[in-house]
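K.L.:
Full structure from sequences and hints, please.
Order-wise, the sequence lines are chains A and B.
Numbering-wise, our numbering comes out as the position in the first sequence, counting from 1, plus 138.
Numbering-wise, our numbering comes out as the position in the second sequence, counting from 1, plus 12.
Simulated from the structure, these hints should not be mistaken for lab results.
Where is the CB? At the ideal position from N, CA and C, for every residue including glycine.
Any given hint could be a false lead.
Unchecked claim - Computed list of lysine-lysine pairs in DSSO-like fashion (alpha-carbon distance at most 30 Å, straight line):
no., chain 1, residue 1, chain 2, residue 2
1, B, Lys-76, A, Lys-234
2, A, Lys-234, B, Lys-32
3, B, Lys-53, A, Lys-219
4, B, Lys-78, A, Lys-234
5, A, Lys-234, A, Lys-219
6, B, Lys-53, A, Lys-246
7, A, Lys-234, B, Lys-67
8, B, Lys-53, B, Lys-76
9, B, Lys-53, B, Lys-26
10, B, Lys-32, B, Lys-76
11, B, Lys-78, B, Lys-67
12, B, Lys-78, B, Lys-26
13, B, Lys-32, B, Lys-53
14, B, Lys-76, B, Lys-26
15, B, Lys-53, A, Lys-234
16, B, Lys-32, B, Lys-78
17, A, Lys-219, A, Lys-246
To be verified - Cβ pair distances, simulated, as ranges:
no., chain 1, residue 1, chain 2, residue 2, range
18, A, Gln-217, B, Asp-77, 38 to 48 Å
19, B, Glu-34, A, Ser-146, 26 to 36 Å
20, B, Leu-80, A, Ala-188, 32 to 42 Å
21, A, Ala-231, B, Glu-34, 23 to 33 Å
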Amino acid sequence: GQSLEQPSEVTAVEGAIVQINCTYQTSGFYGLSWYQQHDGGAPTFLSYNALDGLEETGRFSSFLSRSDSYGYLLLQELQMKDSASYFCALQAAGNKLTFGGGTRVLVKP
Amino acid sequence: GAVVSQHPSWVICKSGTSVKIECRSLDFQATTMFWYRQFPKQSLMLMATSNEGSKATYEQGVEKDKFLINHASLTLSTLTVTSAHPEDSSFYICSARDDGAGEETQYFGPGTRLLVL
Chain A
139 GQSLEQPSEV
149 TAVEGAIVQI
159 NCTYQTSGFY
169 GLSWYQQHDG
179 GAPTFLSYNA
189 LDGLEETGRF
199 SSFLSRSDSY
209 GYLLLQELQM
219 KDSASYFCAL
229 QAAGNKLTFG
239 GGTRVLVKP
Chain B
13 GAVVSQHPSW
23 VICKSGTSVK
33 IECRSLDFQA
43 TTMFWYRQFP
53 KQSLMLMATS
63 NEGSKATYEQ
73 GVEKDKFLIN
83 HASLTLSTLT
93 VTSAHPEDSS
103 FYICSARDDG
113 AGEETQYFGP
123 GTRLLVL
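P.N.:
Here it is in structure tokens:
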């Protein structure tokens, strides 16, 4: 089976940097994705890592270390609109996704 | 960008009735779609994989006779919650993978909130 662990909640101020860690266990690794979900909304895709290293997309970056079964999402220059839940998700055969429990990010003025 | 729609966006029904939820890929073809369920303050749980022209694949613990899935075309999958009960009240979300994109991104629909009274 697959399992993922991420912190339940993070609080930071506008302009700060937040790192959300995700550790996982899986028998077969295809990739690690990150999704953002605002309250009442659907998840939106942020980033995907299949290989080790850093992927940068604007203010958001994602990192993967397959040897450590570990990844993180980095949110830079935090804005109020970044208050949301962030999920890491393991990609499995057949493109099936297993989601972590989610990290609720609260951005304060 | 790729858009996935769901209908209805919310539904309230009486216990014992059946509810059908549609998931459409609007500007791409999707051989495979996925159905998730999310309870308040919880994560998304994959219920089943919907395959165009063949039977859906259900995750362990999901009753296939209760959650009927039909994927009759490359742009439409439906989930029918049969004989719904209050414990089926949840946020149902579908996603689709673009056959022509060659990438691993799944595009999510806006979700359907189901409340069973």
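K.L.:
Look at each hint and say if it fits the structure.
P.N.:
For each hint, the structure was consulted:
Annotation: proposed proximity of Lys-76 (chain B) to Lys-234 (chain A) holds, straight-line Cα distance about 18 Å (limit 30 Å). Pair hint Lys-234 (chain A) plus Lys-32 (chain B) holds up; C-alpha atoms about 23 Å apart against a cutoff of 30 Å. Taking the CA atoms of Lys-53 (chain B) and Lys-219 (chain A), the gap is about 19 Å. The hint holds against a cut of 30 Å. For the given pair, Lys-78 (chain B) sits about 21 Å from Lys-234 (chain A) by alpha-carbon distance, which is consistent with the 30 Å threshold.
Of the supplied pair hints, the one linking Lys-234 (chain A) and Lys-219 (chain A) holds, its CA atoms being roughly 29 Å apart against a limit of 30 Å. For the given pair, Lys-53 (chain B) sits about 20 Å from Lys-246 (chain A) by alpha-carbon distance, which is consistent with the 30 Å threshold. The suggested pairing of Lys-234 (chain A) with Lys-67 (chain B) holds, with an alpha-carbon distance near 16 Å, which does not exceed 30 Å. Only pairs whose Cα atoms come within 30 Å are accepted, and Lys-53 (chain B) paired with Lys-76 (chain B) is accepted, the gap being roughly 25 Å.
Taken as a hint, the Lys-53 (chain B) and Lys-26 (chain B) pair is honoured in the structure, with Cα atoms around 24 Å apart against an allowance of 30 Å. Between the alpha carbons of Lys-32 (chain B) and Lys-76 (chain B) the distance comes to roughly 14 Å, so the proposed pair stays at or under 30 Å and holds. Taken as a hint, the Lys-78 (chain B) and Lys-67 (chain B) pair is honoured in the structure, with Cα atoms around 14 Å apart against an allowance of 30 Å. As the CA atoms of Lys-78 (chain B) and Lys-26 (chain B) are separated by approximately 16 Å, the hinted pair is consistent with the 30 Å bound.
At roughly 24 Å between alpha-carbon atoms, Lys-32 (chain B) and Lys-53 (chain B) fall within 30 Å of each other, so this suggested pair holds. Our distance criterion of 30 Å between C-alpha atoms is met by Lys-76 (chain B) and Lys-26 (chain B), whose separation comes to about 21 Å. Only pairs whose Cα atoms come within 30 Å are accepted, and Lys-53 (chain B) paired with Lys-234 (chain A) is accepted, the gap being roughly 22 Å. Between Lys-32 (chain B) and Lys-78 (chain B), the direct Cα distance comes to roughly 12 Å. Compliance with the 30 Å bound is thereby established for this hinted pair.
For the given pair, Lys-219 (chain A) sits about 10 Å from Lys-246 (chain A) by alpha-carbon distance, which is consistent with the 30 Å threshold. Checked against the hint of 38 to 48 Å, the pair Gln-217 (chain A) and Asp-77 (chain B) passes, with Cβ atoms roughly 46 Å apart. For the pair Glu-34 (chain B) and Ser-146 (chain A), the beta carbons lie near 33 Å from each other, so the given range of 26 to 36 Å is met. Distance hint check for Leu-80 (chain B) and Ala-188 (chain A): the Cβ-Cβ separation is about 34 Å, which falls inside the suggested range of 32 to 42 Å.
A beta carbon spacing of about 27 Å between Ala-231 (chain A) and Glu-34 (chain B) agrees with the range 23 to 33 Å that was offered as a hint.
Comparing the model with each earlier hint shows no violations; every hint is respected.
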